[in-house]
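A.B. asks: Start from the sequences and build out the full structure, keeping to the hints where you can.
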Amino acid sequence: MLVTDPAPVIELEGAAFGYDDRTIVSSLDLTVRRGEVVAVLGPNGAGKSTLLRAVCGLSPMTAGRLTI
1 MLVTDPAPVI ELEGAAFGYD DRTIVSSLDL TVRRGEVVAV LGPNGAGKST
51 LLRAVCGLSP MTAGRLTI
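Numbered according to the working numbering, the sequence shown spans residues 1 to 68.
Since the hints were derived computationally from the structure, they do not count as laboratory data. It is possible that some hints are incorrect.
[Unchecked claim] Label pairs and their computed distance ranges (CB to CB):
#1 D29 <-> C56: 14 to 20 Å
#2 A63 <-> V40: 18 to 24 Å
#3 V9 <-> K48: 15 to 21 Å
#4 N44 <-> A7: 31 to 37 Å
#5 A39 <-> R65: 28 to 34 Å
#6 N44 <-> P6: 33 to 39 Å
#7 P43 <-> A7: 29 to 35 Å
All residues carry an ideal CB built from backbone N, CA and C; glycine is no exception.
C.D. replies: This is the structure in structure tokens:
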């Protein structure tokens, strides 16, 4: 039986990030709780890798809040 903890493990609020002066993802809200499995889907160039790079601290956020 999978039990989820209501406290978020990763939380993004109003996040925006990209490369140089180009915004790739903007106004993103995402909450991942303990025990959840999340899939990020989209076409090429949609910002999936940029999202993961920002969460890992490899790309700077230009707006919003990230809590891990």
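A.B. asks: CB of V9 to CB of K48, is that within 15 to 21 Å?
C.D. replies: Since V9 and K48 have Cβ atoms about 19 Å apart, the given range 15 to 21 Å holds.
A.B. asks: The hint says 29 to 35 Å between P43 and A7; measuring C-beta to C-beta, is that right?
C.D. replies: Holds, at about 33 Å.
A.B. asks: Does the hinted range 28 to 34 Å hold for A39 and R65 at CB?
C.D. replies: violated, 23 Å
A.B. asks: How does the Cβ-Cβ distance of A63 and V40 compare with 18 to 24 Å: does it lie in that range?
C.D. replies: Cβ of A63 to Cβ of V40: about 19 Å, so the range 18 to 24 Å holds.
A.B. asks: State, for the Cβ atoms of D29 and C56, whether the hinted interval 14 to 20 Å holds or is violated.
C.D. replies: At 19 Å between Cβs, range holds.
A.B. asks: Please check whether N44 and A7 have a Cβ separation lying inside 31 to 37 Å.
C.D. replies: holds, 34 Å
A.B. asks: In this structure, is the beta-carbon distance linking N44 and P6 contained in 33 to 39 Å?
C.D. replies: For N44 and P6 the Cβ distance comes to about 35 Å; the hint holds.
The structure shown violates just one earlier hint, number 5.
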